[in-house]
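Colleague: Sequence:
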Amino acid sequence: TIFTLAELIEPIIPNSSQKIFSMLNARPVAWDLCGNQQLATGHQLNNFEILFKKIEDEELTPFLANIDSPPLIEEKEVKPKLADELITIEDFQKIQLRVAEVLEAEKVAKSEKLLKLRVSLGAEERQILAGIAKSYSPEEIIGKKVVIVANLKPAKLMGMESQGMVLAVEGDGKLNLLNVDPAIPNGTRAK
14 TIFTLAELIE
24 PIIPNSSQKI
34 FSMLNARPVA
44 WDLCGNQQLA
54 TGHQLNNFEI
64 LFKKIEDEEL
74 TPFLANIDSP
84 PLIEEKEVKP
94 KLADELITIE
104 DFQKIQLRVA
114 EVLEAEKVAK
124 SEKLLKLRVS
134 LGAEERQILA
144 GIAKSYSPEE
154 IIGKKVVIVA
164 NLKPAKLMGM
174 ESQGMVLAVE
184 GDGKLNLLNV
194 DPAIPNGTRA
204 K
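Quick note: the sequence shown, position 62, residue 75 per the working numbering, numbers continuous.
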């Protein structure tokens, strides 16, 4: 069913998966329940929208014309210096990576990059200042499950205390939060 499909594509195209769940008026389930869930007869669906826009041949022509042309900038292979960055397993075990749900989010005054987040770790709530405002609006991030460094020493940013760090990766000039299965309980430690 489309419900199962939405579950299966979540790790690959998470935004599309979330749109499907929104249209189905349903929440994702844990992986071990994937394929066993069905919507009840008479379940109320939300309005549907086009999930993917069809790309017409005319739109592809400029891109196809450049496929055989050499790159404008010579690409150099960059080899990372991993030996200088290696840590021991004991060092890694000191870092507490935990699942947190964003309860509230707001822009920090006089800052282009910072969002002030209130997150739930299950047994406690914390304030975290995250440099993700150029990639996410406060409305986009509320309700998301994120991975945080929970045992980071608190720091003052813009006169406010940050009690952790939200993990993200950078790609195409945008920060992308690490995706967490919504069924994972808040406070769960990543191993």
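No wet-lab data here; the hints were simulated from the structure.
Treat the hints with care, since some could be wrong.
To be verified - With a straight-line cut-off of 25 Å between C-alpha atoms, the simulated DSS-like cross-links for lysine-lysine are:
1. Lys157 with Lys32
2. Lys126 with Lys169
3. Lys107 with Lys166
4. Lys123 with Lys147
5. Lys32 with Lys147
Colleague: Could you run down the list of hints and mark each one as holding or not?
Modeller: Against the structure, the hints come out as follows:
no.: 1; hint: Lys157 with Lys32; verdict: holds, 14 Å
no.: 2; hint: Lys126 with Lys169; verdict: holds, 15 Å
no.: 3; hint: Lys107 with Lys166; verdict: holds, 13 Å
no.: 4; hint: Lys123 with Lys147; verdict: holds, 14 Å
no.: 5; hint: Lys32 with Lys147; verdict: holds, 22 Å
The structure fails none of the hints (numbered hints given earlier).
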